[in-house]
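Going line by line, the protein sequences match chains L and D. Note that the numbering used here numbers the first sequence so that position 368 is 1297, with each residue one more than the last. Note that the numbering used here numbers the second sequence so that position 32 is 961, with each residue one more than the last.
Check before you lean on any hint, since a few could be wrong.
Which copy? The list can't say, so a pair holds if one copy fits it or any two copies do.
Under the rule of at most 20 Å between Cα atoms (straight-line distance), these lysine to aspartate or glutamate pairs were calculated in the DMTMM-like manner [stated by the list, open to error]: (1) Lys1248 with Asp1214; (2) Lys949 with Glu992; (3) Lys949 with Asp985; (4) Lys984 with Asp946; (5) Lys981 with Asp1220.
FYI, nobody ran anything at the bench for these hints, they're computed from the structure.
Given next are the chains, with one letter for each unit.
There are 2 protein chains.
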Amino acid sequence: MALIVQKYGGTSVGNTDRIKNVARRVAEYRARGDKLVVVVSAMSGVTDGLIKLAKDITHLPSEREMDMLLATGEQQTIALAAIALHAAGIPAVSLTGAQAGIVTDGVHTKAKIQNISPSQVHELLDEGNVVIVAGFQGRTAEGEITTLGRGGSDLTAIALAAALKADLCQIYTDVDGVYTADPRIAPSARKLDEIAYDELLELAGAGAKVMQLRSVEFAKKFGVIFEVRSSLNDNPGTIVKEETRNMEDVVIRGVSLDKNQAKLTVFGVPDQPGMAAGIFRHLGDAAINVDMIVQSASHSGGSPATDISFTVDKPDLAKARKVLDDIRPTIGFLDVQADEGIGKVSIVGVGMRSHTGVAGRMFEVLGKEKINIDMISTSEIKISVVIQLAHGEQAVRALHQAFLG
Amino acid sequence: MALIVQKYGGTSVGNTDRIKNVARRVAEYRARGDKLVVVVSAMSGVTDGLIKLAKDITHLPSEREMDMLLATGEQQTIALAAIALHAAGIPAVSLTGAQAGIVTDGVHTKAKIQNISPSQVHELLDEGNVVIVAGFQGRTAEGEITTLGRGGSDLTAIALAAALKADLCQIYTDVDGVYTADPRIAPSARKLDEIAYDELLELAGAGAKVMQLRSVEFAKKFGVIFEVRSSLNDNPGTIVKEETRNMEDVVIRGVSLDKNQAKLTVFGVPDQPGMAAGIFRHLGDAAINVDMIVQSASHSGGSPATDISFTVDKPDLAKARKVLDDIRPTIGFLDVQADEGIGKVSIVGVGMRSHTGVAGRMFEVLGKEKINIDMISTSEIKISVVIQLAHGEQAVRALHQAFLG
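Take these sequences, add in the hints, and give me the full structure.
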């Protein structure tokens, strides 16, 4: 008899028929004797509808009140899921995040979980109930309702699994698991049976849209083994866990393409200590996340200077340009140029640690495809290159063929 | 500087424009220096939509889970109302019923308020906020979410007004106040400036659809003076309060017609002690509310017997017939006959206490209209007659003309 935490996202509970399907699946696990905690998101569309109502009133609604408003979405789903389980003959009790003991800090709309007091969940499980918990939400020590931000329901599930010392945490979604690449780009991509936390972190950071980084980080920190799998079929998914020795036998776990980056080049930055630091400090103050950075000798002016290129998330591009315009008089660089037509292609795998020559082979593959490499960055288990976006999918296919084909 | 509790029903907050209107009205009161607590219902249609989702899953959803589900409706409105007040430049904080300290018993879907701990409301008011409270809901001492049943938001407002010792409680609705009769029936009906609790109770019990009985009872019990008024205009409404001496100067406060009753006649009940009691005990056990009762000598059989007529709410008619069928063998009556074509017409007024001959005048008016009286019941401040429903509106018009014209 295992204790399993299952999480169902918005599309998996998108209408009453799908909620009944969730109940059927939960009933199957329960028939095997497992204890179940089920974390659910708001029905797809509900959160967007609520946001629209708030924006109808004002463009900048208070974050506290947005939490009050949006927390109702998950609360509706837990009640409906409990009702569906009852209809299937299964004792079930729904709990809001607050009732489930999920205590957060007071940073509304992106609260951090501080601790979980799962005594009521344990009690209800011991009485034989399936416990259904609202994802994405918690409460502060003072009783304020908070939400955890994007991907918050995954985080609820993983944090609950950690607090309850669950045997397994299953993240049900609309894909079968984690793939070696996006199958829409590389048709030969295949589902992975397992992946290391660090690999998933690098893939997610490199544009693979499986899970939010912080849920994976939380799982890694607390050693929560979880499975990403589909709510539409019974196929086993991908197990995400701490790296094991045999994982290094595979050089590359996956290839990803991030289309959401833009490149900024600052020309003619005076070649004096602290100038680059000044630029990035100001960008950081504006909460702009800078990913890759390349610095090269400038060909733009007479005096000693450098050109600095870096990438930011596309939605931050305008803000970043404004920061640069503002500091131009103090830093004294010559010009700024933006390029939205770039893509970042990454290969990820813990096997890189024990296999040499991976970078060389990657550049060779891209060279054969006549794809020009604009920027390079590497970590212990990832190599990323910035190329023209137009060649992005071609690069993914070629790299997948070479390393994973 | 007064402390005012305002309550806005579902149509008054039915869309974001109406919520903005509520914010405008609240802003006006606040500009006068008043402290405000605003109780809101779910936006009209929201509760029905949620009930439909639950019924899509099963016909008999758990009452606990229905409370969990339906409580989200009011929670959405409080957040949106707070956002609208912020947009109008007014500091405002929303509170769920639980957060506002409304503690109830554990009878889900029709919980009773046990006590209110308004310390957080007081604190927020003292900080200069408008406090917006979700109507219709509370929590048990154990933290379970409960709802108060039909008319629950009125009850929240009146109970909060009592707990906060508010100077005034305003119930905003889609009518201008309490009328001497339904204006759609009696065009000369007019809005009352004031009415006694007991009169409103009798009128509500007699079919006038102003407020649920228990909200008025609660207000009477705790001496909460409240005003029923329209959210669509600025007209003063009707003040509901303890009877004052000059209220007795008016003989009749209002005339009402209850179309929602049906009459059952049980023929040939053996004329033995306890037989009538047996019938009504069984009906009571089945939670069927019996209103008027008339007993007369039977003409139906040979041995000493009586005929007993009584009225029940129309929706209970089938259930009442079943109860009678079940007990027929033990009681031994001859037959049962149902009549759904009746109406109950009532005249209500504390002035009856000091004015004699009111009943005689009522019967005279109806006699002149050639309307036959089937049953009669009286209280200290009300006279009700059962007549053919077809003559109901004619009777209201004639009585209104005679007593209030």
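Failing hints, ascending? As far as the earlier hints go, only 5 is violated by this structure.
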